[in-house]
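Input sequences plus hints: build the corresponding full structure.
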Amino acid sequence: MENTGRILHGVSASARRILFGRMSGESVVAELGYIAQVDRAHVIMLCECKIISEAAAGRLLCEIGELEANEFAPLADVNAPRGLYLAYEDFLMKRLGEEIGGVLHTARSRNDLNATTLRLRLRGRYLYLLREALRLQAVLIRRADRYGGIVMPAYTHYQAAVPISYGHYLAGIASALERDIKGVIAAFAGLDDCPLGAGSVGGTSLPINPQRTTMLLGFGCALSNSVDAVASRDLILRVLAGAAVLGVTLSRLASDLLLWTTTEFGFLSLPDQLIGSSSMMPQKRNPFLLEHVQGRSAMALGAFVSSATAMHAKPFTNSISVGTEAVSTVWNALQSLTEALILARLVVAGAEPQPATMLQRATDGHTPATEFANRLVTETGMPFRGAHHLVGSLINDAIKHEEPLQHRVARWREEEDISISLDGLDPEAITKATIYGGGPGPASLASCLERLRAEWRNFMNQKRAQKQKWDDAAKALNEAAVKLCTSAAIGD
0 MENTGRILHG
10 VSASARRILF
20 GRMSGESVVA
30 ELGYIAQVDR
40 AHVIMLCECK
50 IISEAAAGRL
60 LCEIGELEAN
70 EFAPLADVNA
80 PRGLYLAYED
90 FLMKRLGEEI
100 GGVLHTARSR
110 NDLNATTLRL
120 RLRGRYLYLL
130 REALRLQAVL
140 IRRADRYGGI
150 VMPAYTHYQA
160 AVPISYGHYL
170 AGIASALERD
180 IKGVIAAFAG
190 LDDCPLGAGS
200 VGGTSLPINP
210 QRTTMLLGFG
220 CALSNSVDAV
230 ASRDLILRVL
240 AGAAVLGVTL
250 SRLASDLLLW
260 TTTEFGFLSL
270 PDQLIGSSSM
280 MPQKRNPFLL
290 EHVQGRSAMA
300 LGAFVSSATA
310 MHAKPFTNSI
320 SVGTEAVSTV
330 WNALQSLTEA
340 LILARLVVAG
350 AEPQPATMLQ
360 RATDGHTPAT
370 EFANRLVTET
380 GMPFRGAHHL
390 VGSLINDAIK
400 HEEPLQHRVA
410 RWREEEDISI
420 SLDGLDPEAI
430 TKATIYGGGP
440 GPASLASCLE
450 RLRAEWRNFM
460 NQKRAQKQKW
470 DDAAKALNEA
480 AVKLCTSAAI
490 GD
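If you count the sequence shown from 1, position 297 lands on 296 in numbering that gives the first Met the number 0, and the numbers rise without skipping.
Calculated from the structure, these hints are not laboratory results.
It cannot be assumed that every hint is accurate.
Computed cross-link-like contacts, EDC-like style, restricted to lysine to aspartate or glutamate with a CA-CA straight-line distance of at most 20 Å [stated by the list, open to error]:
| # | residue 1 | residue 2 |
| --- | --- | --- |
| 1 | K482 | E62 |
| 2 | K283 | D271 |
| 3 | K93 | E67 |
| 4 | K482 | D471 |
| 5 | K181 | D192 |
| 6 | K93 | E65 |
| 7 | K93 | E70 |
| 8 | K93 | D76 |
| 9 | K399 | E414 |
| 10 | K474 | E67 |
| 11 | K474 | E62 |
| 12 | K474 | E65 |
| 13 | K466 | E454 |
| 14 | K474 | E47 |
| 15 | K313 | D233 |
| 16 | K93 | E62 |
| 17 | K181 | E454 |
Per label pair, the in silico range of CB-to-CB distance [to be verified]:
| # | residue 1 | residue 2 | range |
| --- | --- | --- | --- |
| 18 | V304 | L126 | 24 to 34 Å |
| 19 | R134 | N285 | 20 to 30 Å |
| 20 | E415 | R284 | 47 to 57 Å |
| 21 | N457 | I434 | 23 to 33 Å |
| 22 | F315 | E263 | 52 to 62 Å |
| 23 | I417 | N285 | 47 to 57 Å |
| 24 | W330 | V481 | 29 to 39 Å |
| 25 | C220 | I434 | 38 to 48 Å |
| 26 | R284 | I341 | 18 to 28 Å |
| 27 | T105 | E324 | 22 to 32 Å |
| 28 | E378 | A307 | 52 to 62 Å |
| 29 | N285 | A432 | 35 to 45 Å |
Backbone N, C-alpha and C fix where the C-beta goes; we use that ideal spot for every residue, glycine too.
What follows is the structure, given as structure tokens:
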């Protein structure tokens, strides 16, 4: 459509290449698939509201159905001087005549159409992202249960702190991921709002039924304000914000695992399938998947800043900057984050802890020190600050004389003639005894994992219910379209 009546010539070829590009056949099929889905619902509603005739509705639906069945092949190389939708509408008018093809866009604008297809397109990305987040969490929970007895030092400021277990660490990541998943689900709640019916920005005087198209497309409710419906893309910001927070958790997991696979730490080993080699250095076993996790998990944060900047200080109405440019970053960001989730899952599932090394690091790092201070408090009545000072001085002395802390503590007890038990002050015993405050003790860890499993099942149920709702709506839409199409064919 070069001549719109008001505008006599199409956009210049140079501008067209920048603005519309040359979409691949796969991209054309995907984009037109969402448009056709909206069109079917819109045509059915227009017919039911007596705004267009049943005959016109049936002919349109039959033609759209045939296009879909042929994967929109006639439009694969079509000239689109004003964008894909208008080229698609122009094709329908050439096929059906303006009297029929020209009624498709009645009581609708590309503005509310684009806002609607955005949500439809996001559905698949949402389910894919959520699926992979839940798969990673499931692996974390299983491995946490398996490795609850593998003792290692927890670190603060990159210094050995207290003894925990590798399973306890993984359960901690699973707990953080649980909140991230909740955030993603909450961010995508806007997928339930249907903008269709808002028109260009001010609704329409034609007696349409937005609730009907809302139902046919599987949305929960029609947006009640036409300006908000076409002006807002805050859904994108919320989605990217939720994705960015999830990405931060993934990046922190990747950083820990990278560190622990180094020779200097030696906590984890990875199988050949999860490492890379060097083109020059024969000895190298590079855990490069984790570096990809770090990089890809950061994409959503960058996309959020880019999208928010594109939206910032723009008029609250339909806007190319908001509705097109700000949205363009979300697809690669969500794809990259989903890929980071997959890579992280592969590494967590394949990483094997090295129990002897982990335990030795916990011992060498004097991780029992805090528990010994606690023992002084409970068995001698010493104030904690005094116990803290005493244990610190004993550690200095042990290091000076190159002896294990436990030996120095035993000598101190004899020197001071103090009655205090030194049993259970090794890292393994301390880990088992630390059952309060969400510690790594078996009972505490078991309770944590049971709660995580219950919430994981709840997430899965939510995901299944949402997908079922969309599938049911798609089935109802298809049945209604086939019915009208069949009626038109019989009438002919």
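Do the alpha carbons of K474 and E62 lie within 20 Å of each other, as the hint requires?
holds (19 Å)
Are C220 and I434 spaced within 38 to 48 Å by their CB atoms?
holds (47 Å)
Honestly, do T105 and E324 meet the 22 to 32 Å range at C-beta?
holds (29 Å)
May I ask you to test the hint 23 to 33 Å on the CB atoms belonging to N457 and I434?
26 Å Cβ-Cβ, so the 23 to 33 Å window holds.
Restraint check for K474 with E67, where alpha carbons must lie at most 20 Å apart:
With a Cα-Cα distance of about 15 Å, the restraint between K474 and E67 holds, given a limit of 20 Å.
Sort out whether D233 lies within 20 Å of K313, counting only the CA atoms.
holds (13 Å)
F315 and E263, beta-carbon distance inside 52 to 62 Å?
Distance hint for F315, E263 holds at roughly 55 Å.
Pair hint K466 and E454, alpha-carbon separation not exceeding 20 Å
Since the Cα atoms of K466 and E454 sit roughly 18 Å apart, the hinted pair holds (cutoff 20 Å).
Please work out if K482 and E62 have their alpha carbons no farther apart than 20 Å.
Measuring from Cα to Cα gives roughly 14 Å; hence the hint holds.
Given the proposed pairing of K93 with E65, does the C-alpha separation stay at or below 20 Å?
This hinted pair holds, its Cα atoms lying about 15 Å apart.
Holds or violated: K181 and D192, Cα atoms, limit 20 Å.
holds (19 Å)
Are K93 and E62 close enough, with their CA atoms no more than 20 Å apart?
holds (11 Å)
Hint check: no violations occur; every hint is consistent with the structure.
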